[in-house]
Amino acid sequence: MKLAIAVVLLGLQEPPKKEEAKAPAAKPPVYTALVGGDVHTISRGVLRGATVLLKDQKIHRVGQALDLPEGTITIDVTGKRVLPGFVAVQAQGLALASGAGGKVSDSLDPFQEQVKIALACGITSAFIEMGGSGGFFGGGTPSAGSNAVVKMSYGALEGMTLLEPAAHSLQTWVSGGAADRHEIRQSFVKARDLVERERDFERRRAENKLKPNEQPVRAADPFARLLKGELIARISAPDADAIRRALELVNEFRFRCVLMDVVEGWTLPDEIGRARAYVVVTVRNKQHADRRMARPSGSSIEQAAILRKAGVKFAISPITPAVTTGGIAGRDLTGLPIEAAFAVRGGLDEAAALEAITLTAAEICGVDARVGSIEEGKDADLVVLDGDPLDYRTFVDLTFVNGKLLYEKSKSSYFNHLKGKGR
Amino acid sequence: MTRLAAVAILLLGAYFQEPSGVTVIRAGKIFTAAGNTIDDGAILVENGKIKAVGVVEVPAGARVLEFPEAWATPGLIDLHCHIGGMIRDINDMVHPTNPELSTRATIDPSSELLKDAVAGGVTTVLYIPGSGTNMSGFGTLMHTAGGATVDELVVRYPGALKVAQAWNPERFGGDLGTTRMGMWWGLRKVLEDGRRYNQEWEAFEKSGGGKAPERRENLELVRGLFQRKWPVIIHTADARDVMGTVRMFHDEFGIPCIISHGEFGGFRAAPEIAKRDLPANIGPRTYDWTIMLYDGKCHGIAAKYYEAGVKNLSLNTDSPVVPEEELIVQASMSVRLGLPEDVALRGVTIEPAKAVMIADRLGSLEPGKDADIVVWSGNPLDVRNRVLLTIIGGKVVYDERKGRRVTFGGGW
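Protein chains in written order, with my numbering: chain E, 1 to 423; chain A, 1 to 412.
Rather than coming from a laboratory, the hints here were simulated on the basis of the structure. You may find that some hints are simply not true.
Claimed, not checked - Pairwise CB distance ranges (calculated):
no., chain 1, residue 1, chain 2, residue 2, range
1, E, Gly101, A, Glu307, 44 to 50 Å
2, A, Glu341, E, Gly273, 49 to 55 Å
3, E, Arg254, A, Arg401, 53 to 59 Å
4, A, Arg401, E, Asp349, 49 to 55 Å
Said to hold, decoys possible - Calculated cross-link-like contacts (lysine to aspartate or glutamate; reagent style EDC-like; alpha-carbon spacing at most 16 Å):
no., chain 1, residue 1, chain 2, residue 2
5, A, Lys51, A, Asp360
6, A, Lys297, E, Glu113
7, E, Lys419, A, Glu341
8, E, Lys411, A, Asp295
9, E, Lys419, A, Asp360
Backbone N, C-alpha and C define an ideal beta-carbon position, used for all residues, glycine too.
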């Protein structure tokens, strides 16, 4: 059990196991193959006319000339694109039952309509938090409420939570007062001491050098977990001052940190890169330059491209980080690839733009061992698109979560009357 | 080095010169909005006007701008814009009807939001008051750049009267206009006054003598509606209210009118709009899905009006609801949701020009029209492409090469 927890915490992936003869009652595996599509693996480029073979809930094999096991269900996706499901690094209200509170995993509604719409738009995993603000005109501030990364496993509560908690908000470091900052620093200093004592305990235990009846040391509070790399911090840091202030803390305590709502990151790419902080970019989150400043300021459509050049890892989040149906198109999670396409307008290469809504987004959410790319052993969370992923006319044809086909455009009322591209 | 810099400055000076002389713009594709798209063509511009489009002989001494991979389109036109001044200036909410007000007083030629507009290829906007009251005043048809003063920017004053008859102007203070009954009464009253005022003046002008009617400032511009000099643009939504708009402004008063927004299932009245050949101006919402319609479908609104036979179909941003520079994205989204590409491009160029009755000057690339031209890095509908050059009246007002607008946009 402890080992299992450690595996999850360290984000290691379980190696795909061979069928074991020990379990005779087990159902035979179900194989499904998506055949003939252009497979955007994200981690290993694009495989033209390839096959993705699913075995139950996992991706079993990926390649151009695969031998399919007998009885494989094949789906012809010739001429289509196969991608890992998109990952939303922020999704307000998604999958949460009304009146939600407490733990996210206790408040999920797998039958929520928004979950189904998210699937129809290619999103298979999302970071959810209680509270949280933001909306129509952009951005979202990390809340102090509980959070989790959740799968859009419509209809199935089991396995819906991928990771909880998925992040720890250190928002008051930037937006709070001196007392807040003092408290955060003290918490880190204490946690650092605790982590050292825990390590010392574990080392002595491994060497059989524990004192009689010595009580174990557990460094399990969020700050200790941040220091151990088990948890990621989130700080909303739109402008250069907030970014610098956040990086100061990161550089002092060396923890993994995501800078959210970043607008002026393009003015400090190297500083962010050196601190190895992650960034969440909303490409169209606009801010005019402040002409009173004797430095570059405001937003830049080139931010993503500039960060990429500096080696900064970033995810892309839309103007409205929610699944909405209010009528404004291309600005919320239902059009996540469209926000990514705007980064291409700003000079980012297309592969990097797709990475920012799949693999890097998964990494920022702490779930990249499970989702975010098409690799053998990863969860079978896939989308089949009817065209170029970054083309504004492209629609999702099929969405799989955990190997289960949960959305078919042709069988859904949402978009089936729209011919789609090509057309 | 210094000499090189001096040369560069001279060249730039020539480049941003006033619209005199002759310029030829060559592009890989020219969407003229006049019924054809030209491959590898050119646009000849002289004294701020378009002289020729297509195969063009380059006159001696002409400045030639080469964009072999690019697209050229007419400058984009947005009929539902609130960013010509400061956002807080758009609703003066003293009376339910305010025909004496106009946005001209609030134009700010140095507005950052207007600078964003040209970075998105939008060259002309109908800058209208908000929808806080039923009749919120007159909008101004203006350029987004190319002038330092209000007078230099104004294309036509007034541009159109702004009316909002539902979904915002409901005055929940308890006075008249809380319901459609009060709102319709208030609007009719002004229109009836305006019609009578126009009739009195027409009679006087025809008679060539007698006592002139009393001049009423608040009805002077309303009179222009009855003279068909400018239209009324009506913020409306939902089939009942779209239909109410059609009945009142077109059937009853016979004034040129533009159905704006038309959302929340308003497309169910589209066949009636088509029957009367009225303009529809769709946005900022480009789809109807869960509001007032419950069939589980995501309907592209513009496509619905188009399929119903509406010919004069344009798209808007309702900026700042959608930023002004994303007018073209509204077209892209409409295409995604079923509108043909050429109809979408016409919907941000020639169709809005026709609706606001300025198509003799703007909206297409045709000889004799103003040289409002946008050069794009590729098909403008693909959001990965961007504006390379925006020209208003023959003058370059935005040039990516001169310095990309890094602050692409802004808040409130």
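Each hint, compared with the structure:
{"no.": "1", "hint": "E:Gly101 with A:Glu307: 44 to 50 Å", "in the structure": "holds (46 Å)"}
{"no.": "2", "hint": "A:Glu341 with E:Gly273: 49 to 55 Å", "in the structure": "violated (41 Å)"}
{"no.": "3", "hint": "E:Arg254 with A:Arg401: 53 to 59 Å", "in the structure": "violated (43 Å)"}
{"no.": "4", "hint": "A:Arg401 with E:Asp349: 49 to 55 Å", "in the structure": "violated (21 Å)"}
{"no.": "5", "hint": "A:Lys51 with A:Asp360", "in the structure": "holds (14 Å)"}
{"no.": "6", "hint": "A:Lys297 with E:Glu113", "in the structure": "holds (13 Å)"}
{"no.": "7", "hint": "E:Lys419 with A:Glu341", "in the structure": "holds (14 Å)"}
{"no.": "8", "hint": "E:Lys411 with A:Asp295", "in the structure": "holds (14 Å)"}
{"no.": "9", "hint": "E:Lys419 with A:Asp360", "in the structure": "violated (36 Å)"}
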